[in-house]
Amino acid sequence: MSAAESATAIQRNQVDLLDFIDWSGVECLNQSSSHSLSNALKQGYREDEGLNLESDADEQLLIYIPFTQVIKLHSVVLIGSEEEGPKTVKLFANREHMGFSNVSDFPPSDTAVLSSDNLKGKPVVLKYVKFQNVRSLTIFIEDNQSGSEITKVQKIALYGSTVETTDMKGLKKIEDH
Amino acid sequence: MVLEATMICIDNSEWMRNGDYSPSRFQAQTDAVSLICGAKTQSNPENTVGILTMAGKGVRVLATPTSDLGRILSCMHGVEMGGEMNLATGIQIAQLALKHRQNKNQHQRIIVFAGSPIKYEKKALEIIGKKLKKNSVALDIVNFGEDEDGKPEKLEALLASVNNNDSSHIVHVPPGQNALSDVLISTPVFTGDGEGGSGFAEATAAGSGVSNFDFGVDPNVDPELALALRVSMEEERARQEAAAKSAAEEASQHDKGEEAQASYSQNETTSVTSTEKVADPMDEDDALLKQALALSMNVPGSDLSVGDAEMSEATNGHQELAMALQMSMQEGSKDSSVQSDVSKVLGDQSFMSSILSSLPGVDPNDPNVKDLLASLPGQSELQEKKNEDEQAEKDDN
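From first to last, the protein sequence lines are chains R and Z.
So for the first sequence, this note's numbering puts the first residue at 3; every next one is plus one.
So for the second sequence, this note's numbering puts the first residue at 558; every next one is plus one.
Among the hints, erroneous ones may be present.
Some chain R residues flagged as far from chain Z (calculated, every beta-carbon gap over 10 Å) [what the hints assert, rightly or not]:
(1) Asp50
(2) Gly52
(3) Ser118
In silico DSSO-like links for lysine-lysine, alpha-carbon gap of 27 Å or less [said to hold, decoys possible]:
(4) Lys688(Z) - Lys661(Z)
(5) Lys688(Z) - Lys89(R)
(6) Lys92(R) - Lys687(Z)
(7) Lys687(Z) - Lys132(R)
(8) Lys708(Z) - Lys44(R)
(9) Lys129(R) - Lys89(R)
(10) Lys708(Z) - Lys661(Z)
(11) Lys74(R) - Lys661(Z)
(12) Lys92(R) - Lys661(Z)
(13) Lys688(Z) - Lys656(Z)
(14) Lys708(Z) - Lys687(Z)
(15) Lys89(R) - Lys708(Z)
(16) Lys44(R) - Lys129(R)
(17) Lys92(R) - Lys132(R)
(18) Lys92(R) - Lys688(Z)
(19) Lys89(R) - Lys74(R)
(20) Lys132(R) - Lys74(R)
(21) Lys708(Z) - Lys92(R)
It should be emphasised that the hints constitute simulated quantities derived from the structure, not laboratory data.
Cβ atoms here follow ideal geometry from the backbone N, Cα and C, with glycine treated the same way.
Only chain R is shown next, with the shape it has when bound in the complex:
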């Protein structure tokens, strides 16, 4: 199931951007303290189906992820349950310290409405041209599938490529000769 989907993502030479996340700056507004962002984002935790990111006061979530270097974002994978998984997801590139009050102030770089396939692991392919030079990503989860009070996200994975390291690999090949 997930092997086929992840294969399509990897085919295009995209990598899991987990290694490039600047963990010191990662923030999530309206998360429940016992079910925090690490459950959905961190290696190992995100594979565990019992560990979810859950919202607290209402169903919206605002996730801010800075990166250690500039990346290009190709696709995202959001895994959640049929009812409480996210539905409308807006992505903002390079907007720092957003709050719930200014999510509607500027248009998102991309919007995705997740289907049940997506929630099982099918990657959402984004408008690549909008994410060519991403230093930080803000994910605004506006609502969930069933409209319940709490949104639960089991896994968030980002796929893309880095801007600098592509060149380095090219250099190395020449050196081998």
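Please arrange chain Z on chain R, whose structure you already have, making use of the hints.
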């Protein structure tokens, strides 16, 4: 030392004219606000504090979050009382002010002084609280002043909807003797979840007359002075314990001798302490030394071996030694002029050096020891004798 931006919401409604907090509710509130501002800026220099008033013509921001304590305090002058407190609008505007803070890394906190009755319903307050929690703003509520039915419950409901991991607090301050500020100092409003503000709380407590420190000296302010005071106090106490024990043993008979000896050893101890703070074993040895010499003064010569044997245990059993010394002293007869005899014995440098050489850890050739010996009030002619005798002793040893 949490990095925090705080907005303080002041109640300046008509209800604050009441005098049930001295001198008036408004004045007590102002004092509390000043203290909080000081505590916040002191616990972390990058903290910022802002002030707004909730009553009057409408909610008015007096100062946006700033770390300039002077500006904050001065903006509170000339605030007039009047109108009714508008809690919901006040909190919302405080939240807006915090949103536009310059340092986005600061945590957001609102402190509300609720002195007048609350005209909002619990539901409305809960919605406000949820919005604060969603934007990760902490809320501290100071419930004082007017005691209306349902006010505590409303405020508790507001707190429950905001509270996330105990970052928000509520304090109920009933009117009475204690000033509002004093009550607040010990609460988490001041101490900020137990960290940072406690040092400031201690300082303010000292400033207000209640000193928490032994000597009225704050170790944070003057550590060397505090340390010196404590060391000399401990030494005095140790010496007094020994003297007290010996006095208890002696009872009526040799009181005068005890005091003289005790005072003499005290003089020696303090002079030694002032000259050399390093060698603690040496200080104790010196005190015991004087006692041993006083002992041998009564029964010279034959007690030399006893003195040596006892002095070898000097570093271990001070109390036992003191007791033993006193018991031996009881055997001998007591002179009335103890002072001169003691000094004469101490002037007997040959005896001194022999005692010293038997002491573990004391090197007679140590210049400190030599200085000590020289400083003893022995006669000048004995100085020469001491040098000769030391030579003889060394040859013998």
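These are the hints, each one checked on the structure:
Interface exclusion of Asp50(R) from chain Z stands, the closest Cβ pair being 23 Å apart, more than 10 Å. Non-interface call for Gly52(R) relative to chain Z: holds, since the shortest CB-CB distance, roughly 22 Å, exceeds 10 Å. The non-interface label for Ser118(R) is consistent with chain Z: the shortest C-beta to C-beta separation is roughly 27 Å, beyond 10 Å. In summary, the hint linking Lys688(Z) to Lys661(Z) is supported, as the alpha carbons are separated by about 18 Å, within the 27 Å threshold.
In summary, the hint linking Lys688(Z) to Lys89(R) is supported, as the alpha carbons are separated by about 22 Å, within the 27 Å threshold. At most 27 Å may separate the alpha-carbon atoms for a hinted pair to count; Lys92(R) and Lys687(Z) meet this at roughly 23 Å. Of the supplied pair hints, the one linking Lys687(Z) and Lys132(R) is violated, its CA atoms being roughly 34 Å apart against a limit of 27 Å. With a CA separation close to 44 Å, the supplied pair Lys708(Z) and Lys44(R) exceeds the 27 Å bound.
Our distance criterion of 27 Å between C-alpha atoms is met by Lys129(R) and Lys89(R), whose separation comes to about 18 Å. The hinted pair formed by Lys708(Z) and Lys661(Z) fails the criterion: a straight-line CA distance of about 34 Å is larger than 27 Å. About 26 Å separates the Cα atoms of Lys74(R) and Lys661(Z), which keeps this hinted pair within 27 Å; it holds. A distance of roughly 22 Å separates the Cα atoms of Lys92(R) and Lys661(Z); the hinted pair therefore holds under the 27 Å criterion.
Note on Lys688(Z) and Lys656(Z): the hinted pairing holds, with a Cα-Cα distance of about 13 Å set against a maximum of 27 Å. For the suggested pair Lys708(Z) and Lys687(Z), the alpha carbons sit about 19 Å apart, so the restraint of at most 27 Å is met. Of the pairs offered as hints, the one joining Lys89(R) and Lys708(Z) is violated, with about 40 Å between alpha carbons and a cut-off of 27 Å exceeded. With a CA separation close to 25 Å, the supplied pair Lys44(R) and Lys129(R) stays within the 27 Å bound.
Proximity of Lys92(R) to Lys132(R) is assessed by CA-CA distance (about 13 Å); at most 27 Å being required, the pair is judged to hold. For the suggested pair Lys92(R) and Lys688(Z), the alpha carbons sit about 20 Å apart, so the restraint of at most 27 Å is met. Proposed proximity of Lys89(R) and Lys74(R) is supported: the alpha carbons are some 24 Å apart, at most 27 Å. Straight-line distance between C-alpha atoms of Lys132(R) and Lys74(R) comes to about 9 Å, which keeps the hinted pair within the 27 Å bound.
Between the alpha carbons of Lys708(Z) and Lys92(R) the distance comes to roughly 41 Å, so the proposed pair goes past 27 Å and is violated.
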